[in-house]
Structures are given as C-alpha cells and as structure tokens.
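J.: The lines below spell out each chain.
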Amino acid sequence: MIITDVLCPFCGALCDDIVVEVEKNKIIEVREACEIGVSKMMGHERIATPMIRENGELKETTYENAIDKTAEILVNSLRPLIYGWSSTTCEAHRKGIELAEELGAVIDNTASVCHGPSILAIQNVGLPSCTLGQIKNRADLIIYWGSNQAEAHPRHMSRYTSFPRGFFSEEGRRGKKVVVLDVRKTTTVEVADDFIQVAPGEDYPVLSALRAILAGEENVVPSCVGGVSKEKLIELVEKMKSARFGILFFGLGLTHSRGRYNNVVNAISLVRELNAHTKFVIMPMRGHYNVTGFNQVCTWETGFPFAVDFSRGQPWYNPGETSAVDILNREECDAVLVIASDPGAHFPKKSIEFMAKIPVIQIDPYPNPTTELADVVIPSAIAGIEVEGTAYRMDKVPIRLRKIIEPNHLSDEEILSRVLNKVRERRGE
Amino acid sequence: MRVTLTPKKDFKVPVEAETIKPDNFAGKNKSEIESIALWHGNKEVKLGSLFDVKVEGVNKEETKIVIEGDASRIKRIGEGMTSGEIMINGNVDMHCGAMMSGGKIIVKGDSDAWAGREMIGGELVVEGNAGNYLGAGYWGAEKGMGGGMIRVHGDAGDYVGGHMGDGEIIVKGSAGLLPGLDMSGGKITIEGNTTLPGGEMKNGMMVIKGKVLEMLPSFRFEGEEIVDSLKLKKFTGDLVRRGSGTLYVNLIPGE
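Top to bottom, those sequences are chains A and B.
For the first sequence, our numbering assigns the number 1 to the initial residue and increments by one for each residue that follows.
For the second sequence, our numbering assigns the number 1001 to the initial residue and increments by one for each residue that follows.
Check each hint, because a few of them may be wrong.
Distance windows between CB atoms, simulated [unchecked claim]: (1) B:1255 x A:175: 16 to 24 angstroms; (2) B:1192 x A:272: 33 to 41 angstroms; (3) A:53 x B:1068: 40 to 48 angstroms; (4) B:1006 x A:222: 53 to 61 angstroms; (5) A:102 x B:1251: 52 to 60 angstroms; (6) A:98 x B:1255: 43 to 51 angstroms; (7) B:1046 x A:222: 35 to 43 angstroms; (8) A:185 x B:1101: 48 to 56 angstroms; (9) A:57 x B:1153: 18 to 26 angstroms.
I should point out that these hints are in silico values taken from the structure, not numbers from a laboratory.
This one's a predicted model, so the numbers in the text were calculated from it and none came from an experiment.
Here a beta-carbon is modelled for each residue, glycine too, at the ideal position from N, C-alpha and C.
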C-alpha cells in the first residue's frame, strides 16, 4: 500500500509531502524525505516491553506494574522534574501538563537547551515573523545566522527558501540572494551567495554594529567588529535595506553563543528596525518536529512556554531556576520523568551524574543513553508513524500527524493518562 | 526584636521563604513565628519544622532577623520587605531582597541569582559575590531595579542591573557580561573589570573603574572627564537605539 502526503516526524521543517510504502504493517520504503527523515521513518531497534530496574538490572514487566511504579515514585517526590516532549504529539503534551499540575512538578521541554533563549528574547521584544509559505512566495533575501540547516534541516532550502519558485519569486534560486553568517564554513555556505565569518562569541557586537550603521551612526563603528570588516557590515546593511522581502533565520549558533538570549534580542531589534526601510521578518530554526508544539500547548495551558514550576500549585516560570539542566546541576529534584527525548545523550556531565543517583522514569519508543539511567522504562508507540496527532512546524503552523501503521505499544498520551489515574488513586488512598 | 533562625538540616530541595521578612515577624512571639508557612518543594510546611527559632526582645519597631548558617537553598528571603533588617550569616539562594522597598539586608556570604530583583527602595549588601541578574528585571519586565542601593563587596555575575530604571549599584570587584543592559536610569559603578557594558542602554550612568575587556561598537567617544577623582573616558550610547546613556570607562581594550 502506498500512502502519500505523510508528515515526517523528525525536524521542525515538518515536511508534509512524504510517500511511504507499507506492506504487512511494516514500512518498506520512504520517498521524498531527506536521509535523516528516511532513516527515522524506516525505524530501528525498539524497546520491546516495559522494564523495572532491580539490583542494577532492567527486568521485563507489564505496563500495569511499570505505570504503578511510576506513580509511586512521582507521588513520593518533593520536587519531581518532567522533561522532554519535543518528539511527541500536542495531545500528549496536554496530558503531561495536567500530570505536572497534579503532582506539583516542574515541567520543561528541550527548548530549554535549544531555542529557550529565543523565547526569552521574544518576551522582551516580540517577533516580527511570518509563515514558511510567505517566505517561499515572497522572499528575495534569505539570511541564515548560526544555523547549518543543510545538515540539520536538509530540505529547508529546497521546500521553503532558496530554491522553490513562488508566486512572487518566479525565477526561483536566480531571483534570490542567500547570505550565511557563521563561525565556520558550513555545508550551507556551499549554496550561498555570500558568507560572513563571525568570530566565535562575537554575534552580539556584530549585531550592534549593524544596528548602529542602520541608525546612521556608522562613524562610531570601528574598522573591524567580531572579525568582520566595517565595509562588509555596511554592504550587508545595504543589501538588507534594498531587499523586497528579507528573512533572517537563526539557529543555535546565535542562541547558545556568548550573550545567548540577548543575541536574539539584538537580532529581532535589527529586523524590527529594518521594517522602516523594507519588509523584513525573522524566524528561529526550531529543531525537533514538535518542540514548537510543546511551547504552544504549555503557553495556552499555563501562560508560560517552558520551564514551568507547579510546586506551589500555580505556575511560576524562571528559566535558569526552573529549567531542567539548572535543577539537575543544583541537585534540586528527587525524581525525573523523561519522555520523548534523550537527556542522557545531550545533558552536561554534572546533570547526568545526578540523574544516576535519583529515580528516573523513561517513556520512549527507542532505547537510548537515558535508558541506561532509567529505573522504570515504558515503551511507547511512535508519534507520527503509529499514532496520529497534532504537531507545530517551526513557523507555528499546526499540522496533523498521520498514523501509517498499527502500533504494538501504548501511545504517550495513553501512558500519561494511566499514570495520572494511578497518581490520583494513590493520592486518594 | 531580634529573631534568630537556624536551619535544622541542609536542604537540597529549595525552600521558598518570602514570608521570612521583618514585616511578617514584627510583634509575633516564638510559636507564632514557628507557624509561619513556607514552601519546601511541593509541600507547604511550617517555619518551625525547618528552623530553630530564638526570639529576643519585644520592640516592635526594630525587627531584626538573623539567619545563622547556610541559606544557599532558601529562596526569596526578604522579598517585598518594607522595613527592618535581615542579616544572613552565610550564603543565600535566589531572589534575596527581590522587590524590597525599605529596610536593609546584609548577606555575609554569596548571593545567588536575582538578588535585589526589581527592588524600589532600601539597601542590600552582599559581602561575598553576587550571582547573575543582580538588581535586574524579571522576564519581559519593563524595568529592573527602580530605587534603593545595592553594594557587592566581591564580584557580580552577568547582566548586573538589567533594565534598571533608578537607584544605585556598586560592585567592588568585577562584573560579568553586559552590565546595564537596557538601562534607562540610575547609576552602576563597577570598580573591577567587565565586558560589553551598556548594551541597549537608553539613559542613566555607568562607571567602570577597572578595564572594559570588550567595548560595544555602538558608543560615541566624547572626551575625558574627572569622575570620583579619576580621569575617565566618556562614551554616549547605546546608539543602536539613539540612547543617551553615559558610560565612563578607565581602561579600554588594548590599553
């Protein structure tokens, strides 16, 4: 059976034109997707059954036992942390936030180690943005700053930015200028018209210099800022001012270099000021396919996008205080539930050392380094392959994930729902 | 009245203690103080379950709270206080003296992040080092510190006085990245070194008596002036937003 218009549950570009061939409830071929997408959708080793660690070894058990053990750990915790979320559906997010509120837990998603700084910046200065469709049809100047999307979002340029012919961009690639700013010559640079190499950690001063030039104060700008010559900076400002429709995409090169969210504040302010001259927009290159979705759901449920602390009943939000890495590094929490992410592979050593000392529960379709730290492991069905639901693309457009094959495991939403019921049962006792 | 609180144990899970302030202790006896509510993780607990309480004197006007021992996991001490005095004989956790409008807090050790956040009056003294966001504003807040005085005897972290509108901060040691960010009034003095001072500065004054390790490219040099009997270079900015903040600097990069 051939299924068309399938969504790829990998990156924030959320490509929705994938063709999948299914035989006997098994995916045998994936077309149109990028290499990473194909590999994700074809699948790999799964966690077969629920497991509970006994005397240092993970032992197979039933869903019921694993869920009961999870509820027991969470109910007895004084400061539980619930983390992950970016590779599952918005329906599961909603259930997770309900669980966090019930427990008085801290709930955080992977944004706190990727585009969290972007969200903080948006709270300060707003976000002049648009959808990817607008960019495809209108943009004639595309800037990627600190983002190597040729490798991280491989189809971004061919679907939305540099290459497609759009309603007002009939010439396609020939009618567009692509500029890359980064600390090194990335793969993306190979298909760009211009590359500006910024010294590591110097994004903030470079952005300030661009804004000063734009404000007509170029005489105060020194001859070289952050490794970039003043001439080059003036040339870039002119290029931006003379664009018909410009877009600045930024990645972790901006959000996690020195200055962090302030780099993003500076970049957004630059874009806002460019609108006195032409149409200019800005967009974060969100990573996981539904990292944006968690921030959307969390905002409409709690008023805050991530790192929400329910310990006092009402939500309190303060990244740096209520964000996962900070809580783990300060050894504050006494239990962690990890879902749809892999902190075991991505968190700092100090955080992982502490996770090894406290009870860890993992809900995930796949075994990964977090499994090695987990005391309870609950396998789930793969969202977007075995479970349908909603995901938000990087431009905050919600798209429906499709179910392609029948699952052998419970969905994240169902597992969380059962955990929540068990927690309430134990509370009622 | 002098109330001494001694933590009964080392906390890992932080305690939220905005109820520990002279306004709330004034005129109360020992058992009343012991029954004041605090949050420990997701449980509401009584102060007496976490601290030994000693009360001396009964003078209602002069309430002084002394915390003996480690308060490095006790957040929000003195948050919103209007009068009296708090002395912390050790380190203190986040938000100490946040939104205070009067009285005095002395921290003998180090303070964690957000000390004096959005304070509008009173005095906060940190005899050790201060963490990030000293006297800054909460996320999206239009203004950080709006009045009062903060003195740090050691070093301070990043973003000292972020979004500051008024008041004064003096750091005797060095400060981290981007002090005076989006500042619109008040005065910050850093006696040691710092990096990229005055980003997005609209107004107010900053004096860097040590060395600026890196200068923003968007400030105009105006000449030299004598400030606090030191000959300093005067800059105006941040010109990215036509700001008219004044930045006095002793040594610039390369000097």
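J.: Hint by hint, say whether it matches the structure.
T.: Hints versus structure:
Evaluation of the 16 to 24 angstroms hint for residue 1255 (chain B) and residue 175 (chain A) yields a failure: the beta carbon distance comes to about 49 angstroms. A C-beta distance of roughly 35 angstroms is found between residue 1192 (chain B) and residue 272 (chain A), which places it inside the suggested range of 33 to 41 angstroms. At about 41 angstroms, the CB distance of residue 53 (chain A) to residue 1068 (chain B) agrees with the hint of 40 to 48 angstroms. For the pair residue 1006 (chain B) and residue 222 (chain A), the supplied restraint of 53 to 61 angstroms holds, since their beta-carbon distance comes to about 55 angstroms.
The hinted window of 52 to 60 angstroms between residue 102 (chain A) and residue 1251 (chain B) holds, with their beta carbons roughly 56 angstroms apart. Between residue 98 (chain A) and residue 1255 (chain B), the C-beta spacing of about 59 angstroms breaks the proposed range 43 to 51 angstroms. A hinted range of 35 to 43 angstroms is violated for the C-beta pair residue 1046 (chain B) and residue 222 (chain A), which are about 60 angstroms apart. In this structure the supplied range 48 to 56 angstroms holds for residue 185 (chain A) paired with residue 1101 (chain B), their Cβ-Cβ distance being about 54 angstroms.
Here the CB-CB span from residue 57 (chain A) to residue 1153 (chain B) is close to 53 angstroms, at odds with the stated 18 to 26 angstroms.
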